[in-house]
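Colleague: Given next are the chains, with one letter for each unit.
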Amino acid sequence: MNEFFSVQDISVSLGGRQILDHVSFSVDAPGHVIGILGPNGSGKTTLLKAVCGELPHGGHVVLEGLELAGLRAKELAKRVSYIPQQSGISISMSVLDVVLMGFYSKLGLLSQPSADMRRDAYHALKQVGMAELAGRDYLTLSGGEKQLVLFARTLVEGTKLLLFDEPDSSLDLGNKYRMVQMIRELVCGNPVKTALICLHDPVLALTCCDTLMLLKDGHLIRILRPETDSIKDMELAFTEIYGPVNLLEIPDPQSPDHRRLILLPTL
Amino acid sequence: MDSLRKAQTDPNRTMTILTLAMTFLVIAFVSALSTGKYPISLKSLRNGDLMAVRTFTILRLPRALMGLVGGFGLGIAGFVYQTVFRNPLASPDIIGVSSGASAGAAFAILFVSAASPSTTVFAFIGGLLAVCLSLGLTTLSPVKEHASIVLAGIAVHALAQTFLMVLKLMADPEKQLASIEYWIMGSLAGVTAAKIPVPVLIILVTSIAILLLHRHVLALSVREDEARMLGVSVRTTRFYVLFLATLTVAAAVSVTGLISFIGLLAPHTARLLTGDHKQSSCLLSGIIGSFLLLTADVLAKSLATVELPVSIFTSLLGAPFLIFLILSGRRH
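As you go down the protein sequences, you meet chains A and B in turn. Yeah, the first sequence ends on 267 if you go by the numbering used here, and it's all consecutive. Yeah, the second sequence ends on 332 if you go by the numbering used here, and it's all consecutive.
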């Protein structure tokens, strides 16, 4: 049992309602993007929050043999990043300062970010195409720009487990695909990481995820592997959570040997 | 890395603002030293005029120093409260420190002695008790949000106010009640050399600690779950930061009595000038706090034949500023 990351029997109940019911899964090695799909209220965000210990839960979350529940905030932050849909930053600070917050867990009580850290933060902003706005007040950015800045902050955190809560929610079509592409590059980069992403758009999930976990009413009902699972099987699984749908395979206009999957609801 | 340098706030601009603020502060400090009932000239001090030297060292200088340091502490603490609570109207009373200090002072006036050292000590203890109670209640609460501190603060504030009311009812209306009311209005009139060393030391140490811990104060302004995932031990850090800020306020008001609006006004003005929440803005908030308190004290000493409570002038500045904030629609 040398798994890289495992979630064992996670259950969460809030206000007497069971939000997650004994959810378990594991990832043998890093380098995977795992999508969490499900209708509204199925427990996707709750699962992410339970994994990072933000919600009281039953069960265990283990990363590289270490139980996450017992870790101090700084130790947890060195291993796990949580990227919320919207940041809770509500006071004026520059975009660069927001990215520099990613170094918090690496700094001592009285130390300040070093010149190297500032350079890395700026480089991360460059990577997400936001370097021009480094000096701007974060609060004046659009929702999409804010998400890109948060992604830059995640880049400097350098953690091994990344939890994204609908990272595409404020992005336009082009940026949505750019964001998932960046997540893929980050996961396959050095060191290799694993990302757990809550998504609403199954087509986007089919494009970027190695594994898809389908949640319904707090239960993990199916685990799909788009690379190997049959179209029919996946269509049935999607039908179970979204209602009648058709999963179609079409040739990728950019590379004819490659195929893309699209999902259409049955009208 | 030219663009990186460009991205960071222009240090020259910040330095200019800080230098200007320091210049105004020096003017206010010199005015505070030279204003008072007893005329003191530089010449009489140099000639060793005993009365002038004594008045200057025992009364005038300590009073100006208290204005300088007290205002600085109130400005810094106000900056911390507004940042940590993400609320532009947050003030020391959000966790009940002012009411606790008032109740402590009233208790001393009634049961110990109306003489000032005991009022100072009891006001400090009262403020500290209120804070410990608010923060202690919060650590017991299962709710992790800032709201639980605010709720605990409201409860402690109400409790201290009730206690204060009972004390006022028991007070002799001629002397004690007047003393309590005068203390609540705030004044630097009673400051003497003997009273200030400990409070000044506390304010200086806590203010410097806050400035050094500024990165943590900023981290607390982020929503709690996000801050925790960045590695912030939210509850512990918040406890220490608020404790430091409140200790500053308790030390200041224990000597001066309640001084309204400086903790609100100074951080807002600092942020209006710098447009950010950096360490330099926090320092600027302290300098503005000193300037406001010294200026209000100069006015309190010189506008009428009797000394006026300093809060009259700080409120006089504060109320229009609040209206300005409402009309300009600024949140932070």
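Honestly, the hints are just simulated from the structure, not real lab data. By construction, the Cβ of each residue, glycine as well, lies at the ideal position given by its N, Cα and C atoms. Among the clues, some could well be false.
As the list claims (entries may be wrong) - Quick list of the computed label-pair ranges, beta carbon to beta carbon:
#1 Ile221(A) - Ile208(B): 22 to 28 Å
#2 Phe24(B) - Pro191(A): 50 to 56 Å
#3 Leu248(A) - Ser233(B): 37 to 43 Å
#4 Pro56(A) - Val30(B): 56 to 62 Å
#5 Gly158(A) - Pro88(B): 33 to 39 Å
#6 Leu140(B) - His200(A): 36 to 42 Å
#7 Ile208(B) - Val192(A): 23 to 29 Å
#8 Asp9(A) - Ser233(B): 25 to 31 Å
Colleague: All the hints need checking, so say for each whether the structure fits it.
Modeller: Results of checking the hints against the structure:
| no. | hint | result |
| --- | --- | --- |
| 1 | Ile221(A) - Ile208(B): 22 to 28 Å | 58 Å, violated |
| 2 | Phe24(B) - Pro191(A): 50 to 56 Å | 53 Å, holds |
| 3 | Leu248(A) - Ser233(B): 37 to 43 Å | 50 Å, violated |
| 4 | Pro56(A) - Val30(B): 56 to 62 Å | 59 Å, holds |
| 5 | Gly158(A) - Pro88(B): 33 to 39 Å | 35 Å, holds |
| 6 | Leu140(B) - His200(A): 36 to 42 Å | 39 Å, holds |
| 7 | Ile208(B) - Val192(A): 23 to 29 Å | 44 Å, violated |
| 8 | Asp9(A) - Ser233(B): 25 to 31 Å | 28 Å, holds |
Violated hints, in rising order: 1, 3, 7; the structure is consistent with all others.
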